[in-house]
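Undergrad: Once you've looked at the hints, go ahead and assemble the two chains, each given alone in its own frame, into the complex.
Residue numbers (full-length UniProt numbering), protein chains in the order written: chain A, 1 to 346; chain B, 1 to 201.
There's no promise every hint is true.
[Stated by the list, open to error] Rough simulated footprint, nothing fancy, chain A against chain B, three-plus residues with beta-carbon under 8 Å:
| no. | segment |
| --- | --- |
| 1 | 85–99 |
| 2 | 132–140 |
| 3 | 150–162 |
| 4 | 172–183 |
[To be verified] Here are the simulated BS3-like pairs of lysine-lysine, each with C-alpha atoms no more than 27 Å apart in a straight line:
| no. | chain 1 | residue 1 | chain 2 | residue 2 |
| --- | --- | --- | --- | --- |
| 5 | B | 64 | B | 32 |
| 6 | A | 36 | B | 141 |
| 7 | A | 10 | B | 21 |
| 8 | A | 39 | B | 150 |
| 9 | A | 55 | A | 129 |
| 10 | B | 171 | A | 36 |
| 11 | B | 141 | A | 115 |
| 12 | A | 43 | B | 141 |
| 13 | B | 31 | B | 122 |
| 14 | A | 43 | B | 150 |
| 15 | A | 322 | A | 256 |
| 16 | A | 199 | A | 155 |
| 17 | A | 55 | A | 199 |
| 18 | B | 75 | A | 43 |
| 19 | A | 129 | A | 49 |
| 20 | A | 129 | A | 115 |
| 21 | A | 115 | A | 55 |
| 22 | A | 43 | B | 122 |
| 23 | B | 101 | A | 36 |
| 24 | A | 36 | B | 193 |
| 25 | B | 78 | B | 141 |
| 26 | A | 37 | B | 150 |
| 27 | B | 101 | A | 129 |
| 28 | B | 141 | B | 111 |
| 29 | B | 122 | A | 37 |
| 30 | B | 64 | A | 10 |
| 31 | A | 186 | A | 155 |
| 32 | A | 199 | A | 249 |
| 33 | A | 37 | B | 111 |
| 34 | B | 64 | A | 39 |
| 35 | B | 88 | B | 78 |
| 36 | B | 64 | B | 75 |
| 37 | B | 150 | A | 115 |
Since the hints were made in silico from the structure, they are not lab data.
For each residue, glycine too, the CB sits at the ideal point set by N, CA and C.
What follows is the residue order along each chain.
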Amino acid sequence: MVAPSFPLLKLPLAEVRNTLLIMTPVEILKLSFLSKKCKNVVKCLNKYKQNVEVKIGDNITIRTCNSYGVNCTFYNGPNWENDNLEVRRQLGAPRLVQCSWRDGEGGDDDHGDVKNINFNMRDWLEHLKYIFNCPELSQLLLEDNSHRFDPDRLKEVFQNCTELRVFGINSFQFNRMILKNFLPVKRLYVAPDIFEDSKIPNQLLIQNFDTLSIDFRPEAPVSLEQLTIINSKSIWLNDVMNLENIMNKFIKLWMKGSNPRLEFVLVDNSIGQTEIDLNAMMSGIQRCVIPTNRRRQYFSSGWFYREVPNEGIDFYRHDGTKAKIVVKDSYELNMFVLHDHCILWL
Amino acid sequence: MSVENAPVVDVDEAAIPVEKKMYYRFESNDKKEFRVSELAIQQSETLNRLVEAMGYTSEDVENKPAIAIENIDGKTLKLVFQWCEHHKGEAIPVDDGSVPKIVEIPEFDAKLMDIDNGLLFKLIWAADYLNIVQLLNVSCKKVANMAQGKTPAQLRRVYLLPSDEEDEAAKRAAQEAQDPRAREVEEEFEERKRQGGNSFF
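Next up, chain B with everything else stripped away, as it sits in the complex (with noise of 0.2 Å):
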């Protein structure tokens, strides 16, 4: 996609300042790019280090080619940066270590997860992997708040968890599939266990 065909993703004119700010190029692994403004990037911890690591001039934002994000798509990116640029200048929540945690859902986000879960799935690996805190938050609650009010039974289904006998088989299927020379230095291993002896070697 070339520079000038790139979608700008929701900026808030107002909330610019007079002087000229950066606009970073970002592409997605399925080759669609994005103009992120420089605040919103400082959302996800990730792209942060990496544009201050980087140290781009506006002539090398608009020359260089965009920074390739690899391993999310275009989709789950797009939500990613409306999502930063409508969180830009917020402070990055601090974890103050309370249990159960306290998070609430703002009206832009709900909007925004309005979404199939296999998306949302991608969206919280997304924001894993670019570290933005608080949209991590915001997901993640939606994902608990499918537990309310489920007996254990509904829970297994809604998140998709497996018995004790399914990751069993699980578990052999894998080892199954194993190179035939690391299964035996598995099993010697746990043999050696067995017999008491603290060290493998």
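Extracted from the complex, chain A is given alone in its bound form (with noise of 0.2 Å):
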């Protein structure tokens, strides 16, 4: 027996909207596979341009940041663990796509998959991003057994990324190639034991980064020569061990004239839980209390902003350059150097 068709796209286009917006994700990806024609009336769906994001671990997983928030899990299951191995590591095309959504009503995600497309993992994320409307790779995060996949490769496929986040077990030299394929990017996120002797090497502080994003451990806490080197605009660090008798010399060369390019700092000590002393901290430290009714600021460093609160510190540097200084929660510390360009009055 013959099923009974229906034509779609004769439909007024309003409505042939209205049809795709009630399907699933997996079934607007299936239909977008059919033709150009229904690849571009699918990419209308998505008025508003959003970003990608990629996560590389045992699987790939490439996740729309637009409204539907679908994620593509690519080389996943027992199949992956036994046999095509060098598809995989070369990302060639994968048999099965599992697709997983928010359902709508806020409640459980839900799931399909995608079976025989011959797309490889570069066909797949240029199809995604186009019929999404996420045109940017706004952030590529490298976890345990990412090694499992060729760096070279992995850099032809997802090139230019804003943001690099390298974490997990992964072999050094993995980890290496990584870096030297992927940088520079706007934005580092890295763990010290992800290196050698989880020494972060300067070559890697010194560069020009937007924001630098480290995550201390206590085997490998931050030194002082290492803060001085950085050279990126924002720095932000979790755990940081003895922070107030580090940031008081920082702060104390600062003033001095080192960091020039800084904007802001972030430490979040609230994984180990060490209540911040923001007096211990700017011991020895010219600085001057601000009155709490002064005008609202917000601050911003390129791609974030936040409230600068009216309590806390400021200070000043040799040139006149003020900076600001406040511990938010006990464990959270935030020091805004206030250049012209940093200031959002609202």
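TA: What follows is the structure, given as structure tokens:
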């Protein structure tokens, strides 16, 4: 028996759109493979440009940051444990792609599979970026076991990412290759344990990132020397041991002229639950107390912005540049360097 | 068709308030006439604006000719007005922008839309023309449900989706059927675009 057919694309365009908006992401994904016209109709569902994020570990997941929030997972499941290792390593055509997405009612994620599409990883990435109107690869995250993929092939497929995050248990050689292949990026997030002896190379610290974020571990704490070498506008650090002593010295050096590009420092000690003593940190530093009824200021360092709290301690660099240091919730230290270009008056 | 013989569509007497309500008369393109309550008409933005603009009194409704809806046939219009009468007084849904869009098909609507795909196609065109938001939602949901569990090849068959080659062939055929002068202008325009010119003139 022939299944009844329905000429979908002969409906008014608004109703084609209405129908597609009711379909699940897997259904519209399957439709998008059928022709250029279908691909363009699906693209029209996504009016606003967004980004994609890629996570690489045991498998590869591409997530669209649009209202669908679709996660497409490649090279997953038992099939890839025993065979097809070379296909996976070279990011060849996966036989099965698992998709999940928010169900629209705030409940658990929904999911579905797409099989037998003869696309390799690069084709998939380009297709997803196109149909979901997510032209930028905003984040590439490498986790445990991402060394199963060829680092050169990863570079070919996932080039031009804005933010690179390298964590997890992989070979040092693989990590080196990844950093070599993907830098420069605007934002870099790393942990010391991805390097031999947990030592972050100075050649990395000295680079001009917009943001450099480092997850320090108690066994590999940050040193004053490392802090002064960092040349990024924004430094985000986690779990810094002996913070008061190091920051006291760092602030004194900054006041004398070190780290001239610096705009923002964030230290989050909430994981180790080490309370921050601001008075100890500021001992011996000339400072002034600001009235709490001052006009509200916002601070921007390129890609993020925050409200500058009224409380805190202000201090000045030798050239007159003002900075403010604030402790939030006992565990989070914010240092704002109030360059003219960083201040937003709203 | 005379006014006396016009079918009255599913009027729920209990739902009609005590004061006299107006029933408008509409005529399909195959000259079938329908009497529809004022409240049911509110489900259609197009008809609601039309009757507001006409400003008919009760006598006008009876004495003047039925309002012609020239691009919808009687069979489709009957379904549309049955739906409007059943859902009269209900709020018009507002799109909250969430995706995938959540739409439930009530039992009455499911029975109403237990029709062949040709009539469903006409019903969606009619609902689009008359701008009946919730009828569009449920009818599009019925179309969307046809995709459930289908492979891309099955989707192509269900939705009659041509391949790129078929689209190209159809485009060429349309171009060949076009007026030769218009084709010349189009070719000239394409040529200028290839040469990097921004403006045709």
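Undergrad: For a quick check of understanding: which of the numbered hints are violated here, in increasing order?
TA: 4, 7, 18, 30, 33 and 34
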